[in-house]
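With the hints as constraints, model all of the structure from the sequences given.
Chains as they are written, first to last, in numbering that gives the first Met the number 0: chain A, 0 to 394; chain B, 0 to 490.
Just so you know, the hints here were simulated from the structure itself, not pulled from any lab data. No experiment lies behind these values; they were computed from the predicted model shown. No residue lacks a Cβ here, since even glycine has one placed at the ideal position from N, Cα and C. Take these hints with a grain of salt, some might be off.
With the Cβ distance kept under 10 Å, some of the chain B side facing chain A (calculated, not the full set) [to be verified]:
hint, residue
1, Leu82
2, Val83
3, Asp205
4, Leu207
5, Ile378
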Amino acid sequence: MKPLFTFSSNSVRLSLRSWIFVLVIFLLFLSLLPVIWQVLENFNPSDDYRIPYELSSDYWMFARWSKYASSNYPILMIGDSVVWGQYVTMQETLPYYLNEFINKGQKSPLPPFSRGSIKFPPFERGIKGDLKGNIFANLGMDGIHPAVMLGLVKYYGKSISNKGVILHLNPLWMSSKKHDLSDTDEFRFNHPRLVPQFYPKIPSYKAKFPQRFGIVVERGNPFSSWVNHVRLNYYENMDIGNWTIQYPYKNPLSAITFQIPSSENKPHSEPISWMERGMTKQDFPWVLADESFQWSSFKKVIELLQARKNKVFVIIGPFNPYILTNESLNRYKAMKKDMENWLKDEGISYASISDLPSEYYADASHPLKDGYAKIAKELFESELFIKWMKGLRTG
Amino acid sequence: MLFHSWYFLIFFIIVYSVYLPLRGTRFYLYWLLVASYFFYGWWNPLYLILIAYSTATNYFAVVLMQRSQRKKVWLIVSIVNSLVVLCFFKYGVFITTNLNILFSSLGLSYAIPKPGALLPVGISFYTFHAMSYTIDYYRGYIKKEPSFVRFATFISFFPQLVAGPILRASDMLPQLTGKPEIRKENITDGLSLFIVGLFKKVALADYLSLYVDKVYDAPSLSDGTSLIFATFAFGWQIYFDFSGYTDMARGIARMMGFDLKLNFNNPYLATSLGDFWNRWHISLSSWFKDYVYIPLGGNRKGKFNTYRNMFLTMVISGFWHGAAWTFIIWGALHALGRFMTREFERSAFYNDKIPKIVKQIYVFIFVSFAWIFFRAQSIGDAFLIVKKIFTSGFTNPAFPMVALFFCLIIWIYQLLYESSLNGLLAKLSVFSHSRENGDPSVGTGFKPVPTFLTIFSRFNVSLKVIAVILMILYMVIFTTSGNEAFIYFQF
Numbered sequence: 000m001k002p003l004f005t006f007s008s009n010s011v012r013l014s015l016r017s018w019i020f021v022l023v024i025f026l027l028f029l030s031l032l033p034v035i036w037q038v039l040e041n042f043n044p045s046d047d048y049r050i051p052y053e054l055s056s057d058y059w060m061f062a063r064w065s066k067y068a069s070s071n072y073p074i075l076m077i078g079d080s081v082v083w084g085q086y087v088t089m090q091e092t093l094p095y096y097l098n099e100f101i102n103k104g105q106k107s108p109l110p111p112f113s114r115g116s117i118k119f120p121p122f123e124r125g126i127k128g129d130l131k132g133n134i135f136a137n138l139g140m141d142g143i144h145p146a147v148m149l150g151l152v153k154y155y156g157k158s159i160s161n162k163g164v165i166l167h168l169n170p171l172w173m174s175s176k177k178h179d180l181s182d183t184d185e186f187r188f189n190h191p192r193l194v195p196q197f198y199p200k201i202p203s204y205k206a207k208f209p210q211r212f213g214i215v216v217e218r219g220n221p222f223s224s225w226v227n228h229v230r231l232n233y234y235e236n237m238d239i240g241n242w243t244i245q246y247p248y249k250n251p252l253s254a255i256t257f258q259i260p261s262s263e264n265k266p267h268s269e270p271i272s273w274m275e276r277g278m279t280k281q282d283f284p285w286v287l288a289d290e291s292f293q294w295s296s297f298k299k300v301i302e303l304l305q306a307r308k309n310k311v312f313v314i315i316g317p318f319n320p321y322i323l324t325n326e327s328l329n330r331y332k333a334m335k336k337d338m339e340n341w342l343k344d345e346g347i348s349y350a351s352i353s354d355l356p357s358e359y360y361a362d363a364s365h366p367l368k369d370g371y372a373k374i375a376k377e378l379f380e381s382e383l384f385i386k387w388m389k390g391l392r393t394g
Numbered sequence: 000m001l002f003h004s005w006y007f008l009i010f011f012i013i014v015y016s017v018y019l020p021l022r023g024t025r026f027y028l029y030w031l032l033v034a035s036y037f038f039y040g041w042w043n044p045l046y047l048i049l050i051a052y053s054t055a056t057n058y059f060a061v062v063l064m065q066r067s068q069r070k071k072v073w074l075i076v077s078i079v080n081s082l083v084v085l086c087f088f089k090y091g092v093f094i095t096t097n098l099n100i101l102f103s104s105l106g107l108s109y110a111i112p113k114p115g116a117l118l119p120v121g122i123s124f125y126t127f128h129a130m131s132y133t134i135d136y137y138r139g140y141i142k143k144e145p146s147f148v149r150f151a152t153f154i155s156f157f158p159q160l161v162a163g164p165i166l167r168a169s170d171m172l173p174q175l176t177g178k179p180e181i182r183k184e185n186i187t188d189g190l191s192l193f194i195v196g197l198f199k200k201v202a203l204a205d206y207l208s209l210y211v212d213k214v215y216d217a218p219s220l221s222d223g224t225s226l227i228f229a230t231f232a233f234g235w236q237i238y239f240d241f242s243g244y245t246d247m248a249r250g251i252a253r254m255m256g257f258d259l260k261l262n263f264n265n266p267y268l269a270t271s272l273g274d275f276w277n278r279w280h281i282s283l284s285s286w287f288k289d290y291v292y293i294p295l296g297g298n299r300k301g302k303f304n305t306y307r308n309m310f311l312t313m314v315i316s317g318f319w320h321g322a323a324w325t326f327i328i329w330g331a332l333h334a335l336g337r338f339m340t341r342e343f344e345r346s347a348f349y350n351d352k353i354p355k356i357v358k359q360i361y362v363f364i365f366v367s368f369a370w371i372f373f374r375a376q377s378i379g380d381a382f383l384i385v386k387k388i389f390t391s392g393f394t395n396p397a398f399p400m401v402a403l404f405f406c407l408i409i410w411i412y413q414l415l416y417e418s419s420l421n422g423l424l425a426k427l428s429v430f431s432h433s434r435e436n437g438d439p440s441v442g443t444g445f446k447p448v449p450t451f452l453t454i455f456s457r458f459n460v461s462l463k464v465i466a467v468i469l470m471i472l473y474m475v476i477f478t479t480s481g482n483e484a485f486i487y488f489q490f
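Here you go:
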């Protein structure tokens with residue numbers, strides 16, 4: 000006869016009915032907690048809001064901000080730290096200067112432009128922008144290269160539809176096979192949780208199958224990104240164990256204040272030019288546009304946004320030509336030309352940013368505040384950009 | 000492949016979904032064997048050669064015993080073979096290092112080359128499984144297993160393969176002989192065991208390890224108070240880690256229709272050192288008792304021999320845990336503790352006069368002290384830790400209050416679980432249930448009970464459900480699966 004089974008040395012032994020109950024409650028938590036949290040957690044984005052730098056991998060926050068921005072702004076600007084404004088304050092970014100042109104016109108510290116011919120606000124019926132009447136929202140996030148931009152928009156930017164979207168392409172991501180993710184050697188890049196995990200295969204991404212599988216499961220589940228948000232926002236990106244080791248006598252529950260930190264209105268990195276930084280000439284090899292994984296990902300972002308009925312405008316650059324050797328500069332120009340040709344062939348509005356004065360660059364791709372102001376001016380002087388904006392108004 | 004990883008989840012879903020329809024056929028054994036070998040080979044496919052060798056040699060040793068009149072010869076051959084393999088892979092480096100130190104101190108220039116550093120995961124466990132089969136056959140406790148596949152499945156059964164509980168052939172082979180029956184209790188019990196085990200590992204053991212590792216990895220930089228806290232924390236860490244693993248192993252086996260024996264029974268509630276070893280790693284303690292202590296003579300040949308046998312058993316047990324002097328000292332310390340307290344613990348004064356809680360605290364403190372040698376990186380570190388503990392003044396240990404809260408709550412829960420309150424609650428559950436169902440005969444003779452107990456008993460099921468939901472949510476929201484390996488894998 001089979002000996003009697005000794006269950007355990009505790010009494011946590013549930014019946015089938017109890018397990019079903021546990022499952023139901025758990026699923027309820029799983030689906031409702033992120034929703035309830037949005038009600039509990041204060042989120043009042045300030046003027047010229049950008050996601051706090053320390054929340055740069057908080058995709059739940061991006062989803063929330065993009066949802067808010069979609070309801071309050073007619074034009075959303077998506078890109079990496081160039082859009083976010085790595086070396087500038089919140090009032091010196093590209094979206095800020097674009098808004099300045101719209102709002103202040105002649106009063107703008109910038110040179111006047113032909114505002115009178117375009118009646119921008121109210122831009123869309125019922126949409127007035129933020130309190131200042133801004134119509135451009137800064138959806139930039141640090142490290143968002145095209146391969147991860149696709150994942151970001153696909154999984155966390157679902158609310159971006161029927162909008163005007165300015166998509167920024169930073170050519171730096173195509174400066175070598177390594178940054179293009181097309182090298183076969185392993186490369187630890189930003190935001191691996193946003194890249195395609197199985198197809199298309201990324202040669203330099205070497206995560207193991209269970210990790211990839213876990214990421215796929217996580218992306219389909221808002222609860223996971225909410226958990227990540229809680230850790231980033233309240234526990235300094237730590238799990239509770241590590242947090243309590245850091246703060247042994249603090250109550251971890253008291254850390255949950257239901258307040259999202261406001262974006263610090265200061266540059267994340269020192270706002271000095273690339274020359275003052277001591278950077279020297281670089282011989283970036285660049286990749287061919289036709290062979291570039293990042294470029295093909297970028298094209299997919301455009302397709303995805305268009306499929307969601309957005310009107311897309313692409314900005315290529317800026318890029319610091321003074322940092323490149325002559326050979327590298329020629330290769331860069333050839334690659335850029337190929338990209339422009341594709342955009343032209345596809346009928347996608349774009350602006351290829353002209354070279355800025357050398358002292359306006361903070362590094363290879365980030366402008367300083369004067370650089371952003373000049374880019375804003377250049378955009379408003381671009382016929383394609385004005386036409387695209389008029390199209391938004393009438394379309 | 001760790002139980003708390005995606006790898007294992009995917010592995011188990013595949014294995015289980017094939018196992019369920021196969022379990023009514025004879026093919027389920029083949030499937031279990033393939034799954035177990037895949038599970039073990041996941042660490043390193045080379046390990047499979049070793050487990051296959053261990054399986055085959057022990058199986059055929061019994062075949063030869065059956066056919067031969069000189070059973071003892073084959074038993075000795077089999078035991079020597081198993082121990083040589085274990086020693087080579089687990090103790091090779093330790094033995095050669097110590098011999099070379101000895102040669103050097105004797106002025107000899109010769110040095111034995113060290114064997115490779117390959118230490119197959121779980122070798123100590125499956126070697127003991129296999130040895131129990133040959134020894135029990137020799138003793139006449141079991142019959143020869145006719146099926147090699149069944150025997151190989153017993154040795155490699157994946158839920159317990161790498162960290163126990165250590166199975167006896169007499170317990171497991173009969174379960175593998177029939178067709179496993181899976182009722183709904185198997186699933187619910189299995190899940191209950193698994194979740195509690197997972198919580199112990201992920202939420203408690205890995206958490207405590209953050210503090211323990213920080214302090215124990217640099218004892219010279221740590222103060223005495225931190226070392227005291229880290230020592231107590233390690234006691235709980237290793238308990239949560241190892242008992243968590245065995246809970247999960249038992250849960251998985253239970254879901255597959257197999258029952259593995261209880262391996263931990265609230266060891267920190269032990270009231271004597273002997274009691275501790277009846278509650279801690281029960282399958283190992285009983286293995287050493289049956290296959291080392293009793294063959295040495297047990298307690299049958301006078302006090303001196305009893306203590307000698309006890310000492311040898313404890314030291315060998317320590318050495319089983321790891322190839323280092325720290326483990327040997329740990330075993331010897333427990334032996335010493337038993338020497339000093341065995342007679343006292345049997346006295347009427349100890350049993351009747353000393354409050355239970357005092358006994359429990361004394362055992363916990365002694366066991367924790369011994370853990371210093373178990374956890375320290377070297378003997379030098381261990382003595383430094385002991386010295387600092389007894390000589391440093393009190394300083395701020397910066398021990399997380401949350402960790403303290405968890406340990407206290409669990410200790411109190413275990414106290415309640417083992418106290419008479421548990422029995423009372425059980426009675427109350429019957430009482431209130433029967434009264435609700437209109438059975439006036441039940442409950443006669445009960446005194447009026449305090450209201451909170453009545454409420455507690457009524458909400459007993461609800462409390463369990465809430466506890467499980469909280470455990471799952473805590474793990475999902477607040478812990479990170481860093482896939483920390485289990486401490487006992489190294490043994």
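Now the hints, each set against the structure:
1. Leu82: Since chain A brings no Cβ nearer than about 30 Å to Leu82 of chain B, farther than 10 Å, the hint is violated.
2. Val83: violated, 34 Å
3. Asp205: Nearest chain A Cβ about 7 Å off; hint holds.
4. Leu207: Holds - the Cβ of Leu207 of chain B comes within 10 Å of chain A, reaching about 9 Å at its closest.
5. Ile378: The hint is violated - Ile378 of chain B has no Cβ within 10 Å of chain A, the shortest such distance being about 28 Å.
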